[in-house]
Amino acid sequence: MPNSALVIGGGIAGIQTALDIADAGFHVYLVEKEPSVGGRMAQLDKTFPTLDCSACILTPKMVDVARHPNIELITYSEVCNITNGASDFYATIKKKPRYVDTNKCTGCGSCAEACRLKGRVTDTFNAGMGKRSAIYVPFPQAVPLKYTVDPTQCVYLTRGVCGKTFLCKDACKADAIDFTQKEEIVELNVGAIVVATGFDPFDAALKPELGYGIYPNVITSLQFERLSSASGPTAGKILLNGKEPREVVFVQCVGSRDVTTGNLYCSRVCCMITAKHAHLVKDKIHDANVTIFYADMRAFGKGFEEFYDRVRAEGVNYRRGYVSEIYAAGGQTPKRDGKLVVRSEDTLIGKPIETTADLVVLSVGLVPRVETNTLAQILQLTNSSDGFLAEAHPKMLPVDTKINGVYLAGVAQGPKDIPDAVAHAKAAASAAIVRLRSRQSSVASQQ
Amino acid sequence: MKSQIGVYICHCGLNIANTVDVEQVREFARILPNVAIARNYTYMCSDPGQALITNDIRDLGLTHVVVASCSPRMHEPTFRATIHKAGLNPYVLEMANIREQCSWVHSDRTLATLKAMDLIASAVAKVALLVPLQEREVKVTQSALVIGGGIAGMTATLDIANAGFQVCLVEKQTHLGGRVAQLDTTFPTQERVADLLAPVLRAITTHPNIRVITNADVEKVDGFIGNFRATIRARPTFVDAMKCDACGKCVDACPVNVPDAFDANLTTRRAIYRAPDARFVIDARACSFVQDRVCRSDPRCAAVCDRNAIDFSQTENLVEINIGAIIVATGAATFDATKKPELGFGTYSNVITSLQFERLAARQELQSVKDVVFVSCVGSRDATTGNTYCSRVCCMVNAKQARRIQEKFPDARVTVFYADVRAFGKGHEEFYDAVRKTGVRYRRGYVSEIFAAGGQTPKRDQKLIVRAEDTLIQKPIEVSADLVVLGIGMTPRAETNEIANVLGLPRSGDGFLLEIHPKLRPVETAVDGVFLAGACQGPKDIVDTIAQARAAASSAFASLCRGQVKIESATARVDEEVCAGCGLCVATCPYGAPALIARTGTARVNQVLCKGCGACEAACPSKAIQVMQCTPRQVLAQIAVLA
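So the sequences go chain by chain: A and B.
Residue numbers for the first sequence follow this note's numbering, so the first one is 1 and each next one is one higher.
Residue numbers for the second sequence follow this note's numbering, so the first one is 1001 and each next one is one higher.
Treat the hints with care, since some could be wrong.
Listed next, the stretches of chain B that the computed footprint assigns to chain A, with coverage defined by at least 3 CB atoms under 8 Å from CB atoms of chain A [stated by the list, open to error]:
1. 1336-1350
2. 1409-1417
Keeping only pairs whose Cα atoms sit at most 20 Å apart, straight-line, the calculated EDC-like set for lysine to aspartate or glutamate is [said to hold, decoys possible]:
3. A:395 x B:1430
4. A:182 x A:34
5. A:284 x A:358
6. B:1243 x B:1277
7. A:237 x B:1382
8. A:104 x B:1047
9. A:33 x A:78
10. B:1566 x A:244
11. A:61 x B:1108
12. A:351 x B:1470
Some chain B residues judged to face chain A by a derived CB distance under 8 Å, without partners named [claimed, not checked]:
13. 1058
14. 1520
15. 1561
The set of hints was computed from the structure by calculation and includes no laboratory data.
For clarity, every value in this text was computed on a predicted model and none was experimentally measured.
Heads up, the beta-carbon is just placed ideally off N, CA and C, and yes, glycines get one too.
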């Protein structure tokens, strides 16, 4: 129906936009690429500066979205085409096959227990820090809590045969697994579209001098979130190969404010994420030695500066300077998980320094999702020079785009922390509500 | 009928299970009186967790449910909806908070497990005494009040009006535009603010759904979500706008000179003056005739006015309106730089604030200068001023102004002293890079003192010495300057207390108005139906202010569009047989819900205003007032099992 909205992306921005539009009485289709809504926020452990558990404040919203009478959740689906009919839009949505009948699946998890690849598939939700089965739910609080067969991993789907019998099918008491499922195409007619496609973390392997991908004890900030999360692969203990690190170094601005990576912009959240991580290390390993290398400390939000002060008071060592290289101590024959040496400058003492570390966490920046360009083409949107989607005016129209009826919400438009993403998402909802209501009244006056 | 209680113990991943032996707790709960079933599960709030509860209600005929998990603030609505879906009244649920009040605050597993058992036992004792309540809805007046006519208030007003609702926009000053109207250009695109503001002002003043009341304060607000009644006091301008032809003769006649606040006190104006929106008005506080009925001028303004537009008989006007939602957009003040006397503001005329710089630039009065120094973090991130927070905009304001100087006077030597450059918005870092490329020198360090070069007898406008440290070379340095610009922070407006009192809004530690949740509900407040927009909630740049203002509009739409709204059901009730009419409850209630009824001499609670907080129940000496779901009988039952 044309008096409804399409929200693309089911992270916190898309969820908030959908809830606001739905609360105003309009029907919303919320399309999410992954098997569950939740987005990046679902991967986080705690949130700064209040240290609220991320899942604890997010899951009520995920549940709200799922049970809202005005919201139709279309997960594991992608937008493949949109035609602009001047006053409304026609969207073509591709629903990928889960190979699981969502009406039958109870989310019990017997299939994942039985899967031949149990514990062998890299877990993307855990940022590669853990393993799962080929049939999976991304995380325990997933909405909807329905299992999905990973088509790139499943032995049957990739090789055409999985032993003598389907272990998952045999294990499923609800008879929900169905390998005959095909892609489905859904056509939607909507009056407004909100793009809330979020971000990817910067690929730290593009900075090879920092040793990511070479040393297993160099990880990204997103991986640290999973390491620190109670629902993560180490059940919330900061452990590397079963050992607690004693010396932890954080490196800021990895892939942000850096011409060599092409990302000139500041990613806006990494300073506070790292401050939070430093606090978590100190909280869980009291005598750990924590050093943060930074360029400018950007603690600008409500309560942020105060949190930064608190972290320094906890004994975290802030050193101002860029890190030039990270390498294994012991020279040519580095041991796995051996000590690392972080070579950097300290611009406040004007000297190059070397710091040893058991764990290095790279505070990676935010980059536009890979799919952003495809979606921009489908919607005829333009990108800003930083690659994020361009708003209609940098000051006055932060959620509008050059296409009437298409709005931006959250990090799709540029890096944002959670409160700013939520405010931006609600602003996009307001824009969509205004449009839908004025269409409604113009239709009413014509009749 | 005997009650059948289900007890559901949540692991919350490991949040609870790590510290509390959930299996042992389940064994314990299973044998409590009237408990039909006790289960534990990883995430009770997840779909399968909720399904455990709904299936048991259906299969075992449960009459009451206890969920032992997180704070009821988190998931009480979730589980109320769960049991409602299975056919129970949503109010026969009790939450035992074994996370925030147990697992998160204890480390001893044995003791924490025992405490979790106690909490559950007391919840079980109470739940059987809970009574079913009805969910209630009230009608909503489908119009809104926006307080503050700056960019935040105007943006929120336009969204609400464009969605088809009537909006009343109240502005304290005689003109709209607020703080942004004082600015010259924006960062990072360096557009003229006047050009950006003009279409907004035009849209506001011509919109059929918008009523603007300037020179006015919101004096009183009664009522509750959906049904507020606001009293607005509109002050007279003493100039009849219909008659005034803006000739300006009155201004020449006026003998009073006062600092012009719009120009950040750089200039003076008369008591009668041309306001920024080009209308002529009288500043009542400055005009001696308004104040004392005397004016030493002859002829006076009224006499020189050919069109008889000046009318001293105008009086204050009280306007009462009914609205369903209120948006507070009262903005921020700027830090008073005289509170940092070591920086010389007020002592040396060539030490100015960043706001004064904007006015000079807008008035095209920037004088040619050789050496210019910008000082960051004046009144921000500074415990000595009491403002420990970052003001979020000053770094970029400095960068923009430094660039402006460098472009206008290419020979000028521009230095910026900073602590951290916080260029975090879209295009901001790129702008900061560009500014450094124009030759502006950024030096990292705080400024300790600014003083006149000539020693004891400083002349006006003479060279200044800026003493600072450069933390990158670790040396104290001195830089000479013809002009020093202080990057002043934002502070809560002095009137914030009044507006907080009128609306019953709490403030955060930094003095700004407090949102209800710092992460996920940045525009909602503790008062349902009242929302925050812009810098009244905390420092913000224009673009973040606009996003937040539209967010506030979006929050208001939920009730405005539907025309009705759900309200609290677990409210306080008065037993009129017992009530002695002492009035303590009336004095105690923060929401103004109880009132004494003259006819009976007893108290009665307005069920819509009541939020069920229980303050009245604690205050009542005769136990006549009781909050549903928290009655003495229920609480005593909880305590009894702990004994």
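Numbers of unmet hints, in rising order: 1, 2, 7, 10, 11 and 13
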